[in-house]
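Colleague: Chain A is fixed; fit chain B onto it per the hints.
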Amino acid sequence: KQEVTQIPAALSVPEGENLVLNCSFTDSAIYNLQWFRQDPGKGLTSLLLIQSSQREQTSGRLNASLDKSSGRSTLYIAASQPGDSATYLCAVRRSGGSNYKLTFGKGTLLTVNP
Amino acid sequence: DGGITQSPKYLFRKEGQNVTLSCEQNLNHDAMYWYRQDPGQGLRLIYYSQIVNDFQKGDIAEGYSVSREKKESFPLTVTSAQKNPTAFYLCASSWGWAGLMNTEAFFGQGTRLTVV
Chain A
371 KQEVTQIPAA LSVPEGENLV LNCSFTDSAI YNLQWFRQDP GKGLTSLLLI QSSQREQTSG
431 RLNASLDKSS GRSTLYIAAS QPGDSATYLC AVRRSGGSNY KLTFGKGTLL TVNP
Chain B
268 DGGITQSPKY LFRKEGQNVT LSCEQNLNHD AMYWYRQDPG QGLRLIYYSQ IVNDFQKGDI
328 AEGYSVSREK KESFPLTVTS AQKNPTAFYL CASSWGWAGL MNTEAFFGQG TRLTVV
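As given, the protein sequences belong to chains A and B, one line each in that order. Numbering follows the numbering used here, in which position 37 of the first sequence is assigned residue number 407; successive positions increment by one, without gaps. Numbering follows the numbering used here, in which position 77 of the second sequence is assigned residue number 344; successive positions increment by one, without gaps.
It should be emphasised that the hints constitute simulated quantities derived from the structure, not laboratory data. Small disclaimer: the values here were computed from a predicted structure and weren't measured. Incorrect hints may appear among the rest.
DSS-like mimics (lysine-lysine), calculated; alpha carbons at most 25 Å apart, straight line [said to hold, decoys possible]:
1. Lys-471/A with Lys-338/B
2. Lys-471/A with Lys-371/A
3. Lys-476/A with Lys-324/B
4. Lys-471/A with Lys-337/B
5. Lys-371/A with Lys-476/A
6. Lys-350/B with Lys-276/B
7. Lys-324/B with Lys-371/A
8. Lys-412/A with Lys-371/A
9. Lys-276/B with Lys-371/A
10. Lys-438/A with Lys-281/B
11. Lys-338/B with Lys-281/B
12. Lys-350/B with Lys-476/A
13. Lys-350/B with Lys-324/B
So that you can see chain A by itself, here it is in the shape it has in the complex (with noise of 0.2 Å):
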């Protein structure tokens, strides 16, 4: 069974740092990682999606990398805005059959102060 971790599960940063958000899974037969941000109360907004085969995607001051061999996504984001904070989640969707799930971590809440 797929499990999917994400550490810090919350962090605080100083408006201008760059910063570092972490995810690792089981099982590293993945389809693709997918990252979100999601608002209090709102639903997901994608940020970016990585494909097995890829290493990394940038978007603006986004960058995901993926190491499917060990089982680890990061995600940098570069000279941080107190507009960055909320949570973010990743996800991973499974490949082979019926690879129609995404398994969800639990996400890291963020916080830039300004």
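Modeller: Relative to chain A, chain B alone:
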């Protein structure tokens, strides 16, 4: 605008009532999903559908039912058999999982269901 619309945003259910949560997408996606989110537990899959007129149980399907009569619609009914329905419900959609298709998942804004 393309996207996923969930309604209502807030829903209150009395004990013993069935309630239906709406999910509509105009992304032309084949696959649709329902997740439940509880504090400290992350998202858990309730039901999913790969194609019209077909759906499968997820990890926590007991006390829920769905239908998929149209490609764009995937309503979720929370029945009286669901003993602890108070939660945040999220609907998602994606392209199918065949071959090289992009399976990026997109989510609606959620429905918060409370039992009163």
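Colleague: If a hint holds in the structure, say so; if it doesn't, say that too.
Modeller: Right, here's what the structure says about each hint:
no. : hint                     : verdict
1   : Lys-471/A with Lys-338/B : 19 Å, holds
2   : Lys-471/A with Lys-371/A : 12 Å, holds
3   : Lys-476/A with Lys-324/B : 22 Å, holds
4   : Lys-471/A with Lys-337/B : 21 Å, holds
5   : Lys-371/A with Lys-476/A : 16 Å, holds
6   : Lys-350/B with Lys-276/B : 21 Å, holds
7   : Lys-324/B with Lys-371/A : 17 Å, holds
8   : Lys-412/A with Lys-371/A : 28 Å, violated
9   : Lys-276/B with Lys-371/A : 33 Å, violated
10  : Lys-438/A with Lys-281/B : 46 Å, violated
11  : Lys-338/B with Lys-281/B : 31 Å, violated
12  : Lys-350/B with Lys-476/A : 23 Å, holds
13  : Lys-350/B with Lys-324/B : 18 Å, holds
Checked against the numbered hints given earlier, the structure breaks hints 8, 9, 10, 11 and satisfies all the rest.
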